[in-house]
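Novice: Each chain, written out:
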Amino acid sequence: MIRLSIPLRQALSRLSMPILVAAAFGAMLLGKAETGLVERARMTLADTLAPIYGVIAEPVGAVRNAVEELRFLAAMREENARLRAENERLHRWQAAALALETENALLRRQLRYVPEGAASFQTARVVADAGGTYARAVLLSTQPGQAPRKGQVALDERGLAGRVSEVGSRSARVLLVTDMNSRIPVVLEGSRSRAMMVGTNGDRPRLQHWPEGAPPQEGERVVTSAEADAFPAGLPVGVVRWTEGGAAEVELFARLDRLDLLRIFEFGLSGILPPEAVARPEPRARR
Amino acid sequence: MGLLRRLDAVARAAFPAVGTALLMVLTSAPVGLPSALPAVALACVFFWSVFRPGAMGPPACFLLGLLQDLLGFAPLGVGILTLLLAHGVALRIRRFLVRQSFWVVWLAYAGVAAAAAALGFVLQAVLSWRLPALAPALVQFALSAGFYPAIAALLTGLHKAMRRAEDRA
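Those protein sequences? They're chains A and B, same order as listed. Quick note on our numbering: the first sequence kicks off at 70 and runs consecutively. Quick note on our numbering: the second sequence kicks off at 10 and runs consecutively.
Just chain B, same shape as in the assembly (with noise of 0.2 Å):
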């Protein structure tokens, strides 16, 4: 095994993690849109812990959850223990979804989002000990739910092309 292809598999292990983590970061960059970026850190981890969790494990949620809070000013550990948790589920029903077609991941992930918006409401709530408003939460749904079929067709692409790569090898 030469060092090339331990390069190739190494890469390819750390690619779903860093690649969201770079996704992230150009999400988050000022482009003028509203942020999107808890919907696309959701997206990411949920596909990966899906259809490859041997790359998205607990750690790079763990990791990603805080650049996530960094990089958008919610109070910490919000989007560190809403990626844990959409991980843990991702990973219970992965086994059922994997064989499903997209629409039944769709609507999956959009229970996740709700969900995920939900417990984001609950956390900000109670992090800063007051009722926040309802719209932020709704929005963050919408976006997460409507931003799912662009980041799952750009992932499936690259999930695709790295599993030929791994028959292959």
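One chain only, chain A, in its complex shape (with noise of 0.2 Å):
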């Protein structure tokens, strides 16, 4: 019976294929002028095929299971030499550490190191430029409960700004390290040769008093020193720059043309104070 029909089938078939051709080029238009009816269209065969792909997902991903689990195994062999490795590089370290532990304790023993406490601080915004006895200042706001104190510590967020000459209850002034009677201990942290930052009223401060023939060299860092205990070691203050007239500098780290926020710190240090404090001297400084 169907070997019967095929002749007449390619017949038919010579007729139809011109019109399903036909066919076909509209169902290219119908696609590009109805996206949505050919949206639809997917989105139902996709929700009628979804449960079947449901079940196909079910040993398919079994399979994939199984070749994860097989290369897995495959893997473990080298993972585990390496994992040994490792371990045996590690455990170098940890003796190295051990070691460097040991050391350092021995060390600070010798030394009678004391560790510092952490400095507290508070933050205070600047309100006003406060070049009033000294040229280079500025006014803090101040809580009434948190007046800072003479002495203390003022750094913006990048280095030294100043420090608290005079305390109101609601204010502070701060005097900054570019004013002219502004004399910051300082160390060149390169040759950690000591030297003295003097202001003045420019926006560089000078570098004086560096000792004999251990001149700053040009982009040397420069941080606070601890001598004459007004200030902690190690803040940040700026870099070395050398002026054309020969004359050593320093680049602040800070930013004091636009200060907004100072943080004033206490580091509990009850060192040289600024003149007024000479004068005038404040109970609780002295501890």
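Hints are not guaranteed to be accurate.
Which chain B residues stay away from chain A? Per the calculated CB distances, all over 12 Å, these [unchecked claim]: (1) LEU90; (2) LEU100; (3) LEU106; (4) ARG108; (5) VAL113; (6) TRP115; (7) ALA119; (8) ALA123; (9) ALA124; (10) LEU140; (11) ALA142; (12) ALA144; (13) VAL148; (14) THR165; (15) ALA170; (16) ARG173.
No farther apart than 20 Å at their CA atoms in a straight line, the calculated lysine to any residue pairs in the SDA-like style are these [unchecked claim]: (17) LYS101/A <-> LEU140/B; (18) LYS101/A <-> LEU72/B; (19) LYS101/A <-> PRO158/B; (20) LYS101/A <-> LEU31/B; (21) LYS101/A <-> LEU75/B; (22) LYS219/A <-> VAL196/A; (23) LYS101/A <-> LEU136/B; (24) LYS101/A <-> VAL135/B; (25) LYS101/A <-> MET112/A; (26) LYS101/A <-> LEU128/B; (27) LYS101/A <-> PRO84/B; (28) LYS101/A <-> GLN133/B; (29) LYS101/A <-> ALA83/B; (30) LYS101/A <-> GLY81/B.
Derived DEER-like restraints, expressed as beta-carbon distance ranges [said to hold, decoys possible]: (31) ALA174/B <-> GLU148/A: 53 to 59 Å; (32) ALA166/A <-> ALA144/B: 50 to 56 Å; (33) ALA144/A <-> LEU31/B: 51 to 57 Å; (34) MET145/A <-> GLY120/B: 44 to 50 Å; (35) MET145/A <-> ALA170/B: 43 to 49 Å; (36) THR104/A <-> ALA174/B: 42 to 48 Å; (37) GLY120/B <-> ASN149/A: 50 to 56 Å.
Treat the hints as calculated values from the structure; they're not laboratory data. All C-beta atoms in this analysis are idealised placements derived from N, C-alpha and C, irrespective of residue type, glycine included.
Quick one: dock chain against chain with the hints and give me the complex.
Specialist: Here it is, written out as structure tokens:
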């Protein structure tokens, strides 16, 4: 029956072929014109087939898991060797760390090293440029209960800005390091030689009194020195810049021309205070 | 002629198209393989058009193409036209191909697959009105040509079994 019908069907197909090709072009046009319809048809088909896919996904997932497991087993040997080597390496590092720790403890004992306590600080907003007595100073607004003390150190977010020089009930004045009267003991970080940073009322304070034969190097970092017990050691100040006239200056980290918030640090130091404090000593400062 | 035998004949006549559709659905299931859907559809349509054209007519090709376009997210009509034209070409050369060895059939199929890939590329360019990348067309051609032996082996077995059943009938 089927064999007999083959020629007939072929004849039919010759007729239907052009029609169906035309229909294919029609489908293309439909797909361009009626994207919504095609989308709906697609999603209907996908929804219908979803359960079938769900059933297929089970064995496929099982096979994939098995393959994954085999691959994992094959990789395990290599992984093991790698971990062993890594463990070996880490053991060596652990030994090194333990040795260093012991050495550190030993050195500390010999030095009678006392760890520094964490410094407390409060933040205060700069409200005015207060070039009153001094040419370079700013006024801070402070909370009544938390007034800073004279001699406390002010830093902005980058580095040293100055010291608190006068304290009121709601405000405090900070003498900036660029002021003519400012003298800050500093250390040149590269050579560990000490120097004084002297304000000039200009943007860059000068370096003076460095040791003979150890001039500051261009670009060297300058940090505070604990000398005279006025500052803690190591606060970032700036970098050394030589002028064309042959003077060593410090380019400050702190941006003193645009101060908005200052952090007032309490380091528990009771060293030299600004001149007014000498004339009118404050009881709390002497501890 | 009993009902069972008639059912059997109907099943045999419908098997190529329905089997192809099922295979296409299975192929498009998310198994993490690159989409072999056009390759499978083309190989099945070509094989049945060459060896059993009575069971794979243009309407079946049209519907299979529609299924392909809806399953894959190609522009509607591309698969339809491709399968219809492949079917037409296969009918033209089937008298020659039926007597040839597998390798010649495969070679002819590779030519059809290349033409199909090129047609798909051109239609895609025209329908989306910009030049698509060439790599997917090449990959599709390689998949089509590469999948054919496996599909042909499977379908040849089925075809022989069906022919034996018909001879007995």
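Novice: Each hint: holds or not?
Specialist: Tested hints:
1. For LEU90/B, the condition that its CB be more than 12 Å from all CB atoms of chain A is violated, with the nearest at approximately 4 Å.
2. Once the 12 Å rule is applied to beta carbons, LEU100/B is inconsistent with being away from chain A; the minimum gap is 7 Å.
3. Non-interface status of LEU106/B relative to chain A is upheld: no Cβ of that chain comes within 12 Å, the nearest being about 15 Å off.
4. Against chain A, the non-interface label of ARG108/B holds: every CB pair exceeds 12 Å, the least being about 17 Å.
5. No Cβ of chain A approaches the Cβ of VAL113/B within 12 Å, the least distance being about 22 Å, so the stated non-interface status holds.
6. Look at TRP115/B: its CB is around 24 Å from the nearest CB on chain A, clear of 12 Å, so calling it non-interface holds up.
7. Distance to chain A confirms ALA119/B as a non-interface residue, since its nearest Cβ pair spans about 23 Å, more than 12 Å.
8. The claim that ALA123/B lies off the interface holds: its Cβ sits roughly 20 Å from the closest Cβ of chain A, which is beyond the 12 Å cut-off.
9. At roughly 15 Å, the least C-beta separation between ALA124/B and chain A is larger than 12 Å, which holds for a residue marked as non-interface.
10. With a least beta-carbon separation of about 18 Å from chain A, LEU140/B lies farther than 12 Å from that chain, consistent with its non-interface assignment.
11. Its beta-carbon lying about 21 Å from the closest one in chain A, ALA142/B satisfies the requirement of being farther than 12 Å from that chain.
12. Listed as a non-interface residue, ALA144/B keeps its Cβ farther than 12 Å from every Cβ of chain A; the least gap is roughly 23 Å.
13. Annotated as non-interface, VAL148/B keeps its C-beta farther than 12 Å from every C-beta of chain A; the closest such distance is 22 Å.
14. Separation of THR165/B from chain A is adequate, the least Cβ-Cβ distance of about 19 Å exceeding the 12 Å criterion.
15. Even its closest Cβ contact with chain A, about 15 Å, leaves ALA170/B beyond 12 Å, as expected for a residue assigned away from the interface.
16. Its beta-carbon lying about 14 Å from the closest one in chain A, ARG173/B satisfies the requirement of being farther than 12 Å from that chain.
17. For the hint linking LYS101/A to LEU140/B, the alpha-carbon distance of about 17 Å falls within 20 Å, and the restraint holds.
18. The straight-line distance between the Cα atoms of LYS101/A and LEU72/B is roughly 19 Å, inside the 20 Å bound, and the hint therefore holds.
19. With a C-alpha separation of about 36 Å, the suggested pair LYS101/A and PRO158/B falls outside the 20 Å cut-off, and the hint is violated.
20. Among the hinted pairs, LYS101/A with LEU31/B is inconsistent with the structure: their alpha-carbon atoms are about 28 Å apart, more than 20 Å.
21. Taking the CA atoms of LYS101/A and LEU75/B, the gap is near 15 Å; set against the 20 Å cutoff, the hint holds.
22. Distance restraint check for LYS219/A and VAL196/A: the Cα-Cα separation of roughly 18 Å lies within the 20 Å cut-off, and the hinted pair is therefore satisfied.
23. Of the supplied pair hints, the one linking LYS101/A and LEU136/B holds, its CA atoms being roughly 8 Å apart against a limit of 20 Å.
24. Straight-line distance between C-alpha atoms of LYS101/A and VAL135/B comes to about 11 Å, which keeps the hinted pair within the 20 Å bound.
25. A hinted pair counts as satisfied when its Cα atoms are at most 20 Å apart, and LYS101/A with MET112/A qualifies at roughly 17 Å.
26. Between LYS101/A and LEU128/B, the direct Cα distance comes to roughly 18 Å. Compliance with the 20 Å bound is thereby established for this hinted pair.
27. A C-alpha spacing of about 8 Å is found between LYS101/A and PRO84/B, which places the hinted pair at or below 20 Å, so the restraint holds.
28. Only pairs whose Cα atoms come within 20 Å are accepted, and LYS101/A paired with GLN133/B is accepted, the gap being roughly 12 Å.
29. About 12 Å separates the Cα atoms of LYS101/A and ALA83/B, which keeps this hinted pair within 20 Å; it holds.
30. Among the hinted pairs, LYS101/A with GLY81/B is consistent with the structure: their alpha-carbon atoms are about 16 Å apart, no more than 20 Å.
31. Checked against the given bound of 53 to 59 Å, the beta carbons of ALA174/B and GLU148/A, roughly 55 Å apart, stay inside it.
32. A hinted range of 50 to 56 Å for the beta carbons of ALA166/A and ALA144/B is consistent with their spacing of about 53 Å.
33. About 37 Å separates the C-beta atoms of ALA144/A and LEU31/B, a value inconsistent with the hinted range of 51 to 57 Å.
34. Taken as a hint, the range 44 to 50 Å holds for the pair MET145/A and GLY120/B, whose Cβ atoms sit roughly 48 Å apart.
35. Remark: the range hint 43 to 49 Å for MET145/A to ALA170/B is upheld by a beta-carbon distance near 45 Å.
36. Checking the proposed 42 to 48 Å range against THR104/A and ALA174/B shows it holds: the Cβ atoms sit about 46 Å from each other.
37. Taking the beta carbon of each, GLY120/B and ASN149/A are about 52 Å apart, inside 50 to 56 Å as hinted.
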